[in-house]
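*Asks:* The primary structure of each chain is shown beneath.
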Amino acid sequence: MTLPGVTAGPPASSYDVVIVGAGVQGLATAYELARRGVTNVAVVDRSWPGGGASGRNGEMIRSAFSSREWTQLFELSLKRFAELSAELDFNILFSPSGYLVLASTEEEVAGQDAIAAAQAAYGVETEVLGAAQVRKLVPHLNPDLALGGILQRKGGFAHHDAVVWGYLRAAARAGVSVFSGIDVLGVTTAGGRVTGVRTSAGDIAADVVVNAAGTTSDDLNQTVGVELPLIKARLEMIVTEPVKPFLSCALASPHMLGYCHQTARGEFVGGTERPGADETDSLNTTYHMLRDTATKWVKLFPSLAGVRILRSWAGTVSQTPDFAPVLGEAPGVPGYWLSVGWIYGFMGAPGAAQLLAEAITTGRVPDTMAPFGAQRLLDGRLIEENTLVVISEEAS
Amino acid sequence: MTSAGEKVTFTFEGRTLTARRGQSVASALMQSGTTVLTRSFKYRRPRGYTCGYDVCGSCPVTVDGLPGVSACSTPVQGGESVDRERGWPSADRDVMRVSDLMAPLLPAGFQFRLFRSHPRLAHLAEKVMARVAGAGRFPTAEAAAATRTLTSTARPDVLVVGGGLSGCAAALGAASTGASVALVHRGPLGGRALARSGSAAWEGTTTPVAALAARLADEVRAHEAIDVLDGTALSWFETGVVPVVGGDRVVDMWPTQLVVATGSYDVPGLFPGNDKPGVVLADGVSKMLRVDGVVPWRRAVVLTDCERGDVLAAQLREAGVEVVAVVHQDGADGTLPGPRHLTGRIEAARGLKTLRAVDVRVGGRVETFDTDLLCVALRERPADDLALQWRYVSAGSPTSVAGGWSGAPVDEDGLAVVGSAAGWLEDDPEQARAVGEAVGARAAGVAR
Chain A
1 MTLPGVTAGP
11 PASSYDVVIV
21 GAGVQGLATA
31 YELARRGVTN
41 VAVVDRSWPG
51 GGASGRNGEM
61 IRSAFSSREW
71 TQLFELSLKR
81 FAELSAELDF
91 NILFSPSGYL
101 VLASTEEEVA
111 GQDAIAAAQA
121 AYGVETEVLG
131 AAQVRKLVPH
141 LNPDLALGGI
151 LQRKGGFAHH
161 DAVVWGYLRA
171 AARAGVSVFS
181 GIDVLGVTTA
191 GGRVTGVRTS
201 AGDIAADVVV
211 NAAGTTSDDL
221 NQTVGVELPL
231 IKARLEMIVT
241 EPVKPFLSCA
251 LASPHMLGYC
261 HQTARGEFVG
271 GTERPGADET
281 DSLNTTYHML
291 RDTATKWVKL
301 FPSLAGVRIL
311 RSWAGTVSQT
321 PDFAPVLGEA
331 PGVPGYWLSV
341 GWIYGFMGAP
351 GAAQLLAEAI
361 TTGRVPDTMA
371 PFGAQRLLDG
381 RLIEENTLVV
391 ISEEAS
Chain B
1 MTSAGEKVTF
11 TFEGRTLTAR
21 RGQSVASALM
31 QSGTTVLTRS
41 FKYRRPRGYT
51 CGYDVCGSCP
61 VTVDGLPGVS
71 ACSTPVQGGE
81 SVDRERGWPS
91 ADRDVMRVSD
101 LMAPLLPAGF
111 QFRLFRSHPR
121 LAHLAEKVMA
131 RVAGAGRFPT
141 AEAAAATRTL
151 TSTARPDVLV
161 VGGGLSGCAA
171 ALGAASTGAS
181 VALVHRGPLG
191 GRALARSGSA
201 AWEGTTTPVA
211 ALAARLADEV
221 RAHEAIDVLD
231 GTALSWFETG
241 VVPVVGGDRV
251 VDMWPTQLVV
261 ATGSYDVPGL
271 FPGNDKPGVV
281 LADGVSKMLR
291 VDGVVPWRRA
301 VVLTDCERGD
311 VLAAQLREAG
321 VEVVAVVHQD
331 GADGTLPGPR
341 HLTGRIEAAR
351 GLKTLRAVDV
361 RVGGRVETFD
371 TDLLCVALRE
381 RPADDLALQW
391 RYVSAGSPTS
401 VAGGWSGAPV
411 DEDGLAVVGS
421 AAGWLEDDPE
431 QARAVGEAVG
441 ARAAGVAR
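Chains A and B are the protein sequences, given in the same order.
One point on numbering: in this note's numbering, the residue at position 277 of the first sequence is 277, and numbering is uninterrupted.
One point on numbering: in this note's numbering, the residue at position 26 of the second sequence is 26, and numbering is uninterrupted.
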């Protein structure tokens with residue numbers, strides 16, 4: 001059975017652009033290319049569209065970060081999320097219900113004003129909340145852990161599968177071909193320039209190849225000698241049985257290393273992390289993370305005690321040393337473009353795809369995208385961002 | 001048989017009901033005339049007792065403040081308070097039932113087409129839907145406290161999951177080799193076999209299955225090397241741990257060998273109204289009549305595609321239920337004298353709240369039978385989830401494993417599958433015991 005939007009039959013022998021990976025990055029990039037008149041595009045995936053991290057993330061959306069680089073990229077994305085349902089003719093169930101970054105320690109509370117001031121300077125509207133305001137916004141929070149927070153009212157969450165399906169259908173309508181079940185074995189070059197890809201369904205010629213392969217993006221880089229410091233990491237989420245609405249906004253807790261929201265059906269969806277990356281691309285869930293997640297969320301929301309977990313899942317990402325994505329043409333391989341190293345990929349895709357398509361079609365790198373080039377990692381110039389729910393190996 | 005328990009009382013929505021301790025909450029409610037146990041989540045269709053074994057999710061009730069408790073598989077203890085969860089003003093008469101009338105306007109995926117050009121309206125609609133649909137409740141603080149679990153660890157040579165006829169036989173086989181054995185089973189040992197007709201060979205004689213299951217269950221309970229846990233095996237994780245949840249404790253099991261004896265699932269029929277209270281799967285019917293000892297039906301139609309139709313018709317008649325027809329789909333036929341045997345299919349199960357009539361299509365015409373039970377006795381499907389999961393998780397990828405079992409005994413290193421979980425078509429406790437012996441010998445050998 002073929003999904004709506006997925007092309008039946010084998011790929012042609014050449015395209016203008018081949019995108020590796022039919023996740024939200026690849027499909028959004030294909031859609032944005034088509035919007036700019038580049039429609040002879042193939043998106044090739046080893047599995048089904050959205051089968052990787054695009055359908056396994058926390059669905060949450062914000063642009064309120066602490067650094068200029070992150071804030072500007074994700075602000076563009078947030079604006080796109082608000083437009084997408086109408087533009088794609090598909091309701092992506094974007095809920096601008098607010099995004100709260102919870103402060104649970106005195107140290108976090110003390111840092112809030114500076115972060116909010118920076119956000120204001122970058123053009124993002126946020127509110128610094130005190131303990132009473134946070135408890136009023138989310139009454140079920142454990143008061144011991146609800147000391148403050150930064151709320152971005154325009155943030156929220158969207159249905160991740162709907163975003164993938166919306167981009168897939170819109171790209172297909174515009175003439176893009178999307179293939180599933182085809183392994184891309186390597187990138188081919190001649191004279192240092194990209195000539196296409198080698199796949200399990202034969203060679204495909206293309207002057208432009210985009211690596212949007214998620215967890216396996218580093219494997220593809222290796223086939224053309226692009227050496228970036230990417231490591232694989234597995235992240236897990238749980239979903240509970242439905243309960244009455246108790247959490248209207250998306251919530252991230254840097255203290256707990258967790259993020260969560262509640263769906264319209266009433267399911268509580270939450271993920272937590274533990275220090276370090278386990279460097280696997282296995283999609284198995286693990287017992288220690290199930291326990292970690294359940295324990296932390298019951299601690300933060302005591303009412304969840306006794307609520308059953310319906311299901312859990314794992315997704316994998318490929319992350320960079322500064323946890324920021326890599327966007328742009330790969331150093332030393334003209335025609336080979338990267339949209340890799342994402343850990344906030346669902347949230348960033350609509351903006352990044354627009355920037356990437358602009359760069360590919362005009363040859364000019366947009367200012368918002370420039371800081372995310374691969375060269376920064378090779379030079380050791382890392383982007384400093386302080387509001388991520390991650391903890392590095394060193395920091396642990 | 002648990003039907004011989006002492007008389008106790010419990011509270012149901014403010015009324016005091018009498019039951020025998022140990023009978024299922026669902027059977028006690030049905031005895032008192034309650035057939036609608038809950039309402040469906042979205043369209044608020046009435047739902048009732050269906051599978052009998054906590055598989056289908058059609059009978060969640062709130063017991064002492066803990067929501068989502070399966071009425072079919074929870075024994076009455078005496079003194080508890082039971083409430084239904086959905087429906088306003090009650091599950092019997094739910095005004096939200098009107099949403100079902102709108103169902104043709106709300107096909108699957110309607111939300112992705114709704115208000116797509118009007119984001120504010122879309123967001124508002126979502127909030128409204130959340131208020132209507134998000135009807136689940138938090139457990140009360142007392143109920144939540146009671147679910148707080150104590151965790152312990154066990155490292156048996158062999159973990160048998162499922163304590164039906166095959167699981168008990170496999171556990172006895174494994175224990176006979178000197179291996180340490182843990183057996184996990186939810187509810188009374190013996191499982192579905194306790195309610196089944198038919199017979200099986202054991203130690204040279206042919207014995208009724210129900211009696212044999214009860215006997216093997218007794219032997220398992222009495223065996224020093226077999227640790228029996230009343231609970232559910234959550235999953236097999238990649239580190240090799242099988243967490244078992246039961247009552248107020250979690251036991252992290254680290255078995256050397258896993259034996260999956262999780263039995264089978266009943267398969268629902270495909271026809272309009274197949275979710276109506278009164279449409280009950282075969283094992284659920286057998287359990288109600290033969291384990292809980294309650295006969296909440298008067299007239300029955302049996303739907304079948306195999307020999308189970310005659311078996312269930314005979315069980316129903318023995319319990320005093322009039323079997324008006326056995327409908328053989330896929331051209332099967334039956335031999336049980338008495339009921340009419342029709343070759344055809346179910347056109348519809350009808351009745352506003354609970355089943356009142358069944359329309360049967362036979363060739364070009366439709367016959368209607370007034371009945372309060374439609375027993376769906378189709379060929380079972382192996383309950384092989386845990387076994388398949390063992391393979392998938394071992395492979396680390398959801399795409400690289402071929403699923404299913406051939407019906408032959410499965411015994412590979414680390415995993416054995418026995419009984420109907422492995423697709424065996426006949427009860428064969430001796431073969432299950434032989435697999436248990438092989439697994440036990442291997443595990444004990446590895447462990448030493």
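Hints are not guaranteed to be accurate.
As the list claims (entries may be wrong) - Selected chain A positions facing chain B (in silico; Cβ < 10 Å): (1) Ala82; (2) Leu93; (3) Leu145.
These are computed hints drawn from the structure, not numbers from a lab.
For each residue, glycine too, the CB sits at the ideal point set by N, CA and C.
*Asks:* It remains to establish, for every hint, whether it holds in the given structure.
*Replies:* Okay, the hints, checked on the actual structure:
1. Interface restraint check for Ala82 (chain A): the shortest CB-CB distance to chain B comes to about 6 Å, inside 10 Å, so the restraint holds.
2. For Leu93 (chain A), the suggested interface contact is upheld, since its CB lies about 6 Å from the closest CB of chain B, less than 10 Å.
3. Proximity of Leu145 (chain A) to chain B is violated relative to the hint, the smallest CB-CB distance being about 18 Å (cut-off 10 Å).
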